[in-house]
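Enquirer: Line by line, the protein sequences are chains A and B.
Oh and the first sequence: position 53 is 53 in our numbering, straight run, nothing missing.
All you need for our numbering is the position in the second sequence, starting with 1, plus 406.
If you are wondering where the hints come from, they were derived from the structure by calculation, not from laboratory data.
Think of the CB as a built atom: it goes at the ideal place given N, C-alpha and C, for glycine as much as any other residue.
You may find that some hints are simply not true.
Looking from chain A toward chain B, a few residues come up when the C-beta cut is under 7 angstroms (computed) [stated by the list, open to error]:
{"hint": "1", "residue": "73"}
{"hint": "2", "residue": "166"}
{"hint": "3", "residue": "221"}
{"hint": "4", "residue": "241"}
{"hint": "5", "residue": "243"}
{"hint": "6", "residue": "245"}
{"hint": "7", "residue": "249"}
Here chain B is said to cover these stretches of chain A; the calculated rule only asks that three of the stretch's residues, wherever they fall, bring their Cβ under 8 angstroms from a Cβ of chain B [said to hold, decoys possible]:
{"hint": "8", "segment": "110-121"}
{"hint": "9", "segment": "142-155"}
{"hint": "10", "segment": "193-199"}
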Amino acid sequence: MADKKKKDENLGLNFSPDLLELLAKFKEIELEDFELEAGDLELWLESGALPAQVLPKPKVAPPLKAKPMALMAVQFMPPVETYSGKIAEVKLGGTKGEGGTRGRSIVIGGETAPAFYTFERPILHPPVVTLDVFDMEVPLSKAVKMHVKDVVGDPAAWAKLAVEKFGADMVTIHLISIDPLLKDATPKAAVKTVEEVAQAVDVPLVIGGCGDPVKDADVFAEITETFAGERFLISSITRDMDVERCAKFVKKNGHVALSFTPMDLNLARELNRRLYDFLGKEDIVMDLTTAALGYGLDYAFTNMERARLAGLMGDVELAHPMSSGTTNAWAAREAWLKMAPEWEPRELRGPLWEVTTALTLLLAGVDLFMMMHPAAVKTLKDVTAKLVSGKKAEASKFVDWVSLKP
Amino acid sequence: MSEREGKSRVGIKELSPIDVYKLLPKTNCKECGQENCMAFATKIVNREVTIEQCPPLLKKEYEKAFKQLKEMLKPAVKEVVVGVGDKAVKLGGKLVMYRHEFTYFNPTAIAIDVTDEMPADEIVNRIKRTEQFSYEYIGYTLKLDMIAVRSTSGDPEKFKAAVKKVVETTNLPLILCSLNANVLESGLVAAPNAKPLLYAATVDNWKDMAELALMYNCPIVVSAPNDLNLLVSLAKTLLAYGVQDLVLDPGTFLNDGLADTLNNFTMLRRAACKGGEELAGFPLMGIPLVAWMDKGETADEIVKWREAYSAAMLIVRYADVIVMHGTDGWALLPNTVLRQNIYTDPRKPVAVEPGLKVFGTPDENSPVFFTTNFALTYYTVASDIENSKLNAYLMVVDTEGSAVDSGVAGRKLTADKVADAIKASGLESKVKHRTLIIPGKASRISGEIEEASGWKVLVGPRDSSEIPKYIIDKWQP
Chain A
1 MADKKKKDEN LGLNFSPDLL ELLAKFKEIE LEDFELEAGD LELWLESGAL PAQVLPKPKV
61 APPLKAKPMA LMAVQFMPPV ETYSGKIAEV KLGGTKGEGG TRGRSIVIGG ETAPAFYTFE
121 RPILHPPVVT LDVFDMEVPL SKAVKMHVKD VVGDPAAWAK LAVEKFGADM VTIHLISIDP
181 LLKDATPKAA VKTVEEVAQA VDVPLVIGGC GDPVKDADVF AEITETFAGE RFLISSITRD
241 MDVERCAKFV KKNGHVALSF TPMDLNLARE LNRRLYDFLG KEDIVMDLTT AALGYGLDYA
301 FTNMERARLA GLMGDVELAH PMSSGTTNAW AAREAWLKMA PEWEPRELRG PLWEVTTALT
361 LLLAGVDLFM MMHPAAVKTL KDVTAKLVSG KKAEASKFVD WVSLKP
Chain B
407 MSEREGKSRV GIKELSPIDV YKLLPKTNCK ECGQENCMAF ATKIVNREVT IEQCPPLLKK
467 EYEKAFKQLK EMLKPAVKEV VVGVGDKAVK LGGKLVMYRH EFTYFNPTAI AIDVTDEMPA
527 DEIVNRIKRT EQFSYEYIGY TLKLDMIAVR STSGDPEKFK AAVKKVVETT NLPLILCSLN
587 ANVLESGLVA APNAKPLLYA ATVDNWKDMA ELALMYNCPI VVSAPNDLNL LVSLAKTLLA
647 YGVQDLVLDP GTFLNDGLAD TLNNFTMLRR AACKGGEELA GFPLMGIPLV AWMDKGETAD
707 EIVKWREAYS AAMLIVRYAD VIVMHGTDGW ALLPNTVLRQ NIYTDPRKPV AVEPGLKVFG
767 TPDENSPVFF TTNFALTYYT VASDIENSKL NAYLMVVDTE GSAVDSGVAG RKLTADKVAD
827 AIKASGLESK VKHRTLIIPG KASRISGEIE EASGWKVLVG PRDSSEIPKY IIDKWQP
């Protein structure tokens, strides 16, 4: 507020020092046709609050116009804000000392400024990537399949590949097979799959359900209890589930809830409020729904940007780290379709589609990316690392782009 | 932030139709096409019409009111026009920093470069590729906007020849790039009436460049790499010099300094929109082309990839114009789609009205499809059916704005909803058959739909682009 006031005062005085400066440097000024009319000058004087005796009011327009001979140096005031809110910090993955078996924990959230406003605050916890692993065969685009074809159907091997080769910070095991409309696999079978993945890699895990509110709850109940202390991210808790039951088993066994709502901040607030009866702020990550580039990314982007700004402004119900199902980018036909030759190869177009979706949402404030294609993952991680490094630009070389010979 | 910052000079959210109405002639003459002056004022506030559309206001007696309105409606970021005729582009003209505060105007212009050392046929080929770039996307045609001509030779004659070749080939608006005013003027001579954007006035050459901008009446870029004090100083100096139309280039750094790049763009836009800082209130230029510097042995594809994703970040973070070198469709398509997305009006609803849509002139044997009421799903399917010239019915099921796959997963798209929609649509009296073609991504609930509706279900393609082929192969009423 103090900054703002100072600014306003400066604004009010803006014109007068300039005019005075101009007059003081009269000798340096070339004079040409003066285009200002007396009327214009009156307006100037009003807003400039210039003492009348300094500049006599001209009866006729002065015939000459001033051109500065030297650079008119001014300072740029960095528009730094303060925020009353802080995004909750959430720890994912329980280590051995904490009752789990993960090699390390990852903390996300904790922001006190909008995404990558590093002129205001340094990055506390850089965003992280969790790679998708499926427990059965699912339709995959060609561009993705070529990288994972050897491990499809073997979630443990797939998870190892994701961590060791593709650099995933975390792994999401999607338990598609539990869907009553597909294989209707039992909670016990799901526990076994998770066990295999948890033994294959020691990164924090995300446990993905099938979308059936009843079956997911049953499976999550079994998994949270079996793996108490692992601090898995349970993906996800939705409004049509038995929220109380789910929140209780998440809390009791020391996990984290992913609060999922369909592109509506009021619904997100409402679900979070229901979770607060059982879970702490530090136990909730929210997913506001990710739509693909070209198929609703604009809604997702604005929704997330609004949520983050609201959280920073003190809306605690939205002050949670955000997760994005960035893999949804592949729902856009342009990501996978074979198109006319001028748009090929799709092996590049597809992952670029995914990373464009990811980077857009990175700038809206997403903390956790659920992703698919190794090249998209690598780029997101490279960009994040560059943004966090704080290394300075080599400004003097920049203008060489004009004469660059590619 | 929004409440407090909303009270800034621009105050777009607080501008009420009454404020505008007070300054209108209040004659309710209807010459603007609106019912009365209040209706016109409301449209002005929503930026659906401009004050120039009120003929009486343009008369001498309302001159003062006109000026006041102009000032009141002035965007936080000045609108700068480059080029002439119907291909001219408007840069900037932004009212707000965040999309949700209103809407963004004037989508980021994308320029493709040529140089004065390229052979003439390469110049022509690159221009043709730029002009021919075209993609149909839910009722929009995505295009590229400008040509940037760079002097890599530093030779005025070569630059003149290159610009001449370019203006002979295209009427796309131009950016003429050289830091040497003599070279730049030589190019201007070859394009005297094209009103190109000049690149660039720097701390070393600003006086000569300002003279050129005045002499040829062109907008000009002010460049101060990673130095915002210098950037606004240059802007102030050029304004004092009499140059009105500026574009700001704070430098684009993609490796070390990427954080500086985002910070500079963000600070300038916030200073303009929230702080009312007039020297920051000009369009911003981003140059993803710098990905090609220090290329070394890096494969072209990698550089194009880096240039493309950097462009995306600049489009999101306030660039009003960007310059690129790569012309590959795979790299440009995501960016043109992203730009379209970011610049759509955020007030547009996510869902469309559910109900029965008719394509062509269907009869009792025509196929029946269904889709969800998520706007983008609906528009995609509708445009595919339209383009295929099919006579067909498309039933739009209320999934609360969910797409097909997420609707099935989240139980927003259920067999009961589909069955209810069939009943409500009156289809049973419109077609003789009882066959419903469902989206491939809803195949999981095909059995349930048959049970709930009593209709036979055919599982259609997973993507609606394959509908025409599917109908030819499979459809028999």
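Enquirer: State for each hint whether it applies.
Expert: Checked hints:
Interface restraint check for residue 73(A): the shortest CB-CB distance to chain B comes to about 5 angstroms, inside 7 angstroms, so the restraint holds. The interface hint given for residue 166(A) is broken, as the beta carbon of that residue sits about 17 angstroms from the closest beta carbon of chain B, more than 7 angstroms. Contact between residue 221(A) and chain B, as hinted, is not supported at the beta carbon level, the nearest pair being about 19 angstroms apart and thus beyond 7 angstroms. Nearest Cβ of chain B to the Cβ of residue 241(A): about 11 angstroms, over the 7 angstroms cut. The hint is violated.
Given the 7 angstroms rule on beta carbons, the hint for residue 243(A) is violated: about 15 angstroms separates it from the nearest Cβ of chain B. Nearest Cβ of chain B to the Cβ of residue 245(A): about 18 angstroms, over the 7 angstroms cut. The hint is violated. Of the supplied interface hints, the one on residue 249(A) is violated, with its beta-carbon coming no nearer than about 21 angstroms to a beta-carbon of chain B, more than 7 angstroms. Residues of the segment 110-121 of chain A lying with their CB closer than 8 angstroms to a CB of chain B number 4, which satisfies the three-residue condition for coverage.
Only residues whose C-beta sits within less than 8 angstroms of a C-beta in chain B count toward coverage, and the segment 142-155 of chain A has 0 of them, not enough to reach three; the restraint is violated. Requiring three or more residues with a Cβ within less than 8 angstroms of a Cβ of chain B, the coverage given for the segment 193-199 of chain A is violated, as only 0 such residues are present.
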